[in-house]
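A.B. asks: Working from the sequences, and respecting the hints, build out all of it.
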Amino acid sequence: MKGKAKKVFMDPLGANNPVFAQILGICSTLAVTNVVKNTVVMTLGLTFTTTLSSLTISALRKLIPSRIRMMVETLIIATYVIIVDIVLRAFLPDIWQQLGPYVGLIITNCIVMGRTEAFALSNPPGLSLIDGLSSGLGYTYVLLIIAFFRELLGSGSIWGISVLGSQWTNWSIMIMPPGAFFMLAVFIWVVKGKILPGEEKK
Amino acid sequence: MKREGFFAERVYPVLFMALVTIVCISLTSGIFLSTEDLVRSNETLFIRRAVLYSAGIPVPTNSQEVMNLYSQRVEEVTDSDGELLFYRIQGEAGTPASFSIVYSGPGLWGEITAALGFSGDLSRMTGLDFIKQNETPGLGARITEAWFKEQFRGKMGPFVMVPEGTARGSSEVDSITGATRTSDAVLTLINGGIEKAEKIIALGGGR
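Chains as they are written, first to last, in my numbering: chain P, 1 to 202; chain X, 1 to 207.
In case anyone wonders, no lab produced these hints; they're calculated from the structure.
Backbone N, C-alpha and C define an ideal beta-carbon position, used for all residues, glycine too.
Some hints here could point you the wrong way.
[As the list claims (entries may be wrong)] Some chain X residues well away from chain P (every beta-carbon gap over 10 Å; in silico): (1) Ile57; (2) Leu69; (3) Gly120; (4) Lys132; (5) Gln133; (6) Asn134; (7) Lys155; (8) Glu195.
[Claimed, not checked] Pairwise CB distance ranges (calculated): (9) P:Gly14 x X:Ser104: 47 to 53 Å; (10) X:Ser63 x P:Gly104: 24 to 30 Å; (11) P:Gly104 x X:Ser34: 18 to 24 Å; (12) X:Ile25 x P:Gly14: 36 to 42 Å; (13) X:Gln151 x P:Ala5: 57 to 63 Å; (14) P:Ala185 x X:Pro158: 29 to 35 Å; (15) P:Leu105 x X:Ile25: 17 to 23 Å.
C.D. replies: This is the structure:
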């Protein structure tokens, strides 16, 4: 059991990462990664949602009639997302304004939906919690790396603090949606082409 | 697992869904209601900060100080139906009062709401601040940066936008490179706001 839990935890962080291996959750990956601060809030929101919805649905899995399981999944996911939305709105109103519709769009994030459908429905709550959490973390670190480079190259700053100085010319394309496509493609190329095959050979 | 029969196939799913829905809705409603006051006071705080900023008054970082300063300096002028028309801001010892209005218009992605401040004789703007905007972070959202907002102080419209870094005249302002459509939207918003201010402040007996 311990070995299985470890495998469930490590899988989404490496070879089975939801973003660069399964290419899920791309909409938000492209949309929110132009500023590191927003990315952090977004990934926390997603990790919270995917962890708790996996746990909840796994706990209910024997009660959910299979023909309406998608409705139940969506409803439970939506509940957690609305909670995130309300909490942000009350406690971090500045960031809530900047994230705009993207928090609400976690509801339709394929990672959350995919983990509940593919994993939580057929595994016990403990493992599902681990799976949800590590899928969220897998999403988090990929987005943070992308956001780091996009904000650095696009605005010359990190976390809103200027680091490249005034002689740096901002690459405006990096903070626009096309910049995210380039950045994500480069990231996938580096990870899948350079890092992962090396790991497999060991 | 496979369940059969009328109850398991027809009734149970409906009951189950209804139950889950009730639980989820109670949960979200409960959280919504318990944070409602906080959300409302955040919104009020945003507006008050913007009104003070648009009047050229340095805005304190502490929210309690913002509230105190606001109640000392700002009077909300309403029409006979109690509808808010504009804000009258007391001048420093002896100087005439100035005015601010809150005005909204379309941006590139969503509605932009701004507080626009004017001197007592409406001859120049005392400043402006954005209360709500959804522009592209790093591009259009740069309208919220100080350099952009500060350039309106002491000038009067109708404004003309010129390329970033070339504004000279008293009705010229720098636009934002890479955010032409946001710049245009803000220009329309501010020029519309100026027209509205001229009407509304005369109406409210401001002048």
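A.B. asks: Next, verify each hint and record whether it holds.
C.D. replies: Here is what the structure says about each hint:
no.	hint	in the structure
1	Ile57	holds (20 Å)
2	Leu69	holds (20 Å)
3	Gly120	holds (32 Å)
4	Lys132	violated (7 Å)
5	Gln133	violated (8 Å)
6	Asn134	violated (5 Å)
7	Lys155	holds (26 Å)
8	Glu195	holds (27 Å)
9	P:Gly14 x X:Ser104: 47 to 53 Å	holds (48 Å)
10	X:Ser63 x P:Gly104: 24 to 30 Å	holds (27 Å)
11	P:Gly104 x X:Ser34: 18 to 24 Å	holds (20 Å)
12	X:Ile25 x P:Gly14: 36 to 42 Å	holds (39 Å)
13	X:Gln151 x P:Ala5: 57 to 63 Å	holds (58 Å)
14	P:Ala185 x X:Pro158: 29 to 35 Å	violated (45 Å)
15	P:Leu105 x X:Ile25: 17 to 23 Å	holds (21 Å)
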